[in-house]
Amino acid sequence: MPSAQTVPGALMRFRKTVAYLAGAAVVVAAVGLYLTRPRHVDPAEFDRLTGDVERGALVFAATGCASCHAAPEAEGEARRVLSGGRGFASPFGTFYAPNISPGPVGTGDWTVLNLADALRHGTSPDNRHYFPAFPYGSYSRMQAQDIADLHAYLMTLPASDAENRPHDVGFPFNIRAALGGWKMLFASDDWVLDGDLTETQQRGRYLVEAMGHCAECHTPRNALGGLQTDRWLAGAPIPGKDGRVPNITPAALSWSEAEIVEYLTSGFTPDFDSAGGEMFEVVQNTAQLPRSDREAIAAYLKIVPPIGN
Amino acid sequence: MRTLALSAGIALTAATLALTSTATAESHVDPAIAGAIKARQAHMQLYAHNIGVLGGMAQGRIDYDADLASAAASNLAALSQLNQMTYWPAGSDNASVDGTKALPAIWDDLPGVMARGAALVEASAAMEAAAGGGLESLQGAMQALGGACGACHQNYRQSDN
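If you read the sequences in order, they're chains A and B.
Mapped onto this note's numbering, the consecutive letters of the first sequence carry residue numbers 1 to 309.
Mapped onto this note's numbering, the consecutive letters of the second sequence carry residue numbers 310 to 470.
The shape of chain A in the complex, shown without the other chains (with noise of 0.2 Å):
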């Protein structure tokens, strides 16, 4: 056996250079982890708001909760216990949608700063990251007053203790340390429109970019999930199915704002075909809203970037 003395002063000095990277290497990684760690919102925005049921239950249109969270195939009354269990394909692997009920399973032990983490960070209460497949990258605009509204409600709706399903996921996108990094990059809560717009054209704004999460169907995904805002709207591939998701910018969408209204109220096009696929579900929640909201929608997607296929 060669003792130390014996090592060549080559060798020693590889030795050094390479524990002195795997050093460096745990460093800049920990440096990471701490940069990218789940975030909070700052609770003193919320210590004074009160949650109104009734306002609450139009967020909850205006944000879809349902479209997602309604067990497969609930229809009517049904699609008010958020039981969860649809399934969502991707190019990453399959999410399914959590038991949001407020029971134990659920949501029952949520505080309005467990959602307003969910929503405006995709934090969990138990300070994990959740993936994008729940749209906190639009969610992260909602206004505090909404988000304590939404809690509001969603506590008045019926328990259900149907179990989660865990996500259909492989490695490496199931690491939900690495979520932070692709927060940094691709979630923001600034306005994807901004400048100068009236005050019908920021609530559309509102309720596209944020509440709505139009555009985490609308608009093409980068090979990382996150969404492209230089095509915002455009139009983008359907996941795991044929067909494309329509683009909605005025290079594409021609129908007048009353039509789009319609189109919001009723599920009738122009020219009297009607919504369908997820378009359907969409259209049950706007048909809830106040009509001026249907009317902002459409104030907005008048004045989005025409952007051509």
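Worth flagging that the hints you see were computed from the coordinates, not collected in a lab.
Model, not experiment: these values are computed from the prediction.
You may find that some hints are simply not true.
Said to hold, decoys possible - Quick list of in silico lysine-lysine cross-link-like pairs, DSSO-like style, CA-CA up to 27 Å:
(1) A:Lys241 <-> B:Lys347
(2) B:Lys410 <-> B:Lys347
(3) A:Lys241 <-> B:Lys410
We have chain A; now place chain B onto it with these hints.
Only chain B this time, still in chain A's reference frame:
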């Protein structure tokens, strides 16, 4: 060497021709299937035309006319009750043939299709009762009618508008 290249070329051409002719054979739809697809699309067009009259009035694009509204709504009610068995032969889904957006789910979930069909009969009957009773009455029945149309398109039609 030239002979080899030549025979490879011939083989390739033959293979291409064989593939092309197979593709042509496959895209040549059985006339009975093609006819059924045409018939059901025409049926949908009749729905759209009559709903267009009602919707045009509801949106204020056409002046309200009680007789015209009632006629459109009666047509709709009658159309919704036609027996559509002849429209939907097996093998006329969009996975089997071109030229249709009808999803295989229609054939896999007949009870669901029938339930949604019954909902359309109901919504059309409600519109028939409402259409002649003034503009507001017509407008009030519009959303349920749209919902009944959409409930079928949600699950049974390829979405790519």
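Each hint, compared with the structure:
no. : hint                  : result
1   : A:Lys241 <-> B:Lys347 : holds (25 Å)
2   : B:Lys410 <-> B:Lys347 : holds (12 Å)
3   : A:Lys241 <-> B:Lys410 : holds (13 Å)
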